[in-house]
Amino acid sequence: MTTQKDGLLIVPIIDATPGMKLGSPAYNRNGVKMLDAGTVIKSSSQLERLIGQGVQRLLIDTGDNAAPQQTPNRKTGTRSEPAPIRKSPQEFVSEMKKELVVAREVYKSASRVIENVMSDVRMGKHINNEAVKSTARDLVKSVLRNPHALLSIANLKRLDDYTFRHSVNVAAISVALANHLSFEPHLIEIIGIGGLMHDVGKARIPMHIINKAGSLTQEEFETVQHHPDYGVDICLSEHFDDSLILDIVRHHHEAYNGSGYPEGIDHTQISKFAAIVSIADFYDALTTVRSYKKKITPPEAISIVNSTSNIKFDRRLVFHFIKIIGIYPIGSVIKLASGRTAIIAGFYADDLLNPLIKVLITADHTLCRDDSTLPLKEMDDTIVELNTDFRLMGNIEDVL
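If you want my numbering, it's the 1-based position in the sequence shown plus 441.
Note that these hints are calculated values from the structure, not bench results.
Among the hints, erroneous ones may be present.
Unchecked claim - Computed Cβ-Cβ distance ranges for the label pairs, DEER-style:
hint: 1; residue 1: Leu-657; residue 2: Glu-704; range: 16 to 22 Å
hint: 2; residue 1: Glu-704; residue 2: Arg-553; range: 31 to 37 Å
hint: 3; residue 1: Phe-662; residue 2: Ala-478; range: 43 to 49 Å
hint: 4; residue 1: Leu-794; residue 2: Ser-535; range: 19 to 25 Å
hint: 5; residue 1: Thr-709; residue 2: Thr-503; range: 19 to 25 Å
hint: 6; residue 1: Thr-503; residue 2: Phe-760; range: 25 to 31 Å
hint: 7; residue 1: Thr-658; residue 2: Asn-836; range: 40 to 46 Å
hint: 8; residue 1: Gln-497; residue 2: Thr-823; range: 44 to 50 Å
hint: 9; residue 1: Asn-652; residue 2: Lys-818; range: 41 to 47 Å
Stated by the list, open to error - Pairs of lysine-lysine, PhoX-like flavour, derived with a Cα cap of 20 Å:
hint: 10; residue 1: Lys-799; residue 2: Lys-539
hint: 11; residue 1: Lys-528; residue 2: Lys-799
hint: 12; residue 1: Lys-582; residue 2: Lys-538
hint: 13; residue 1: Lys-539; residue 2: Lys-528
hint: 14; residue 1: Lys-736; residue 2: Lys-776
hint: 15; residue 1: Lys-549; residue 2: Lys-539
hint: 16; residue 1: Lys-549; residue 2: Lys-538
hint: 17; residue 1: Lys-582; residue 2: Lys-539
hint: 18; residue 1: Lys-528; residue 2: Lys-764
Using N, Cα and C, we set each Cβ at its ideal position, and we do this for glycine too.
Please put together the full structure from these sequences, using the hints given.
This is how it looks when you write it as structure tokens:
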């Protein structure tokens, strides 16, 4: 909430926009001056740097000589963006299918890179710093071309290689959310690196704890809580010394209300970078199939994430997170009230309850010959439930 003080406008950093002129210096969480009075904010990347350094609010000069200001969106706390042009269902699916082929290879390569990183750390070897950075760049490029492709692959859960796939999934979701929030590309890449490396400290946790099939004891949980600190040590020793990457690795388990770890800081000190990776980490862990826990469907996980708004996560980020994930993620197989089985082929961020549907199996249990993809509202049907037992033959692009 903005307030007046001595002729200056006090603006929360999340509501600041390029074009605003500082009426007073901006200081980070350590009291170090970041910008001088009179500085005009030139870009969103400049604001994200301030957020990453712990700047919480700005004193804005609103006098006659102040720079013209853009109006922030008070509902979400993000910059106002022009309304996107809605593609037809056919265009949506066609563009996504094209990127799926590339995104799948990017995902496989990223999983191998993270597997090598964790193995090297456990064996006391130096990790391939450039491979991680190159992987983050590839993830960003894929998301910039089409964010739905990589996200649909990340949402296809498998029981194997959880540790490696989880880090890639978190990076993919984080990159997609940062892109949705209109972060500058180089900052999206930093978030990608942070997502890939967020759990690297777990390589120093005993394997019997990491792989334990069941609830951890209090002592084991306290051991796991050290992994953010271990992760920072590893990142520093391997020259991932960007302050934003370190912030993500250290603070991805902090909570909006201060109930997280390792420092117990609250939303006034948690950067948007760490908050983004935190949501991605929590959601992917919820929806991942493990041999020892109850299966949680994406809609159930979305409900859980939403219920933690302004408790575990910032409500504004949750709002945007749901827009990129969707109520029913792409690739989800569903049962319709008509008795048909269909697949979610896409969705529009401004109409999540009306996803794009392609019927796979007819009501009389035969293969559907109609290849069309339609919004749910045009099908004279409703979604009954997810068909979690249905297994697609081939890749998503082969089915859509």
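Task: C-beta pair Gln-497, Thr-823: status relative to the range 44 to 50 Å that was hinted - done: The hint (44 to 50 Å, Cβ to Cβ) holds, given that Gln-497 and Thr-823 are roughly 45 Å apart.
Task: Holds or violated: Lys-528 to Lys-799, with C-alpha atoms at most 20 Å apart - done: holds (16 Å)
Task: 41 to 47 Å as the expected CB spacing between Lys-818 and Asn-652, which holds or is violated - done: Distance hint for Asn-652, Lys-818 holds at roughly 46 Å.
Open item on the list: With the threshold set at 20 Å, check whether the alpha-carbon distance from Lys-539 to Lys-528 stays at or below it.
Closed with: holds (15 Å)
Open item on the list: Need the status of pair Lys-582, Lys-538: alpha-carbon distance at most 20 Å?
Closed with: holds (16 Å)
Open item on the list: Would the hint linking Lys-549 and Lys-539 be met if the CA-CA limit is 20 Å?
Closed with: holds (17 Å)
Task: Given pair status - Lys-764, Lys-528, alpha carbons within 20 Å - done: holds (16 Å)
Task: Straight-line alpha-carbon gap Lys-799 to Lys-539, limit 20 Å - done: Holds, at about 18 Å.
- [ ] Sort out whether Lys-538 lies within 20 Å of Lys-549, counting only the CA atoms.
- [x] Measuring from Cα to Cα gives roughly 17 Å; hence the hint holds.
- [ ] Could you see if the CB distance from Glu-704 to Arg-553 stays within 31 to 37 Å?
- [x] holds (33 Å)
- [ ] Indicate whether the distance between the beta carbons of Leu-794 and Ser-535 respects the range 19 to 25 Å.
- [x] With Cβ atoms ~23 Å apart, the hint holds.
Task: Satisfaction of the hinted span 16 to 22 Å by the C-beta atoms belonging to Leu-657 and Glu-704 - done: holds (21 Å)
Taken one by one, the earlier hints all hold for this structure without exception.
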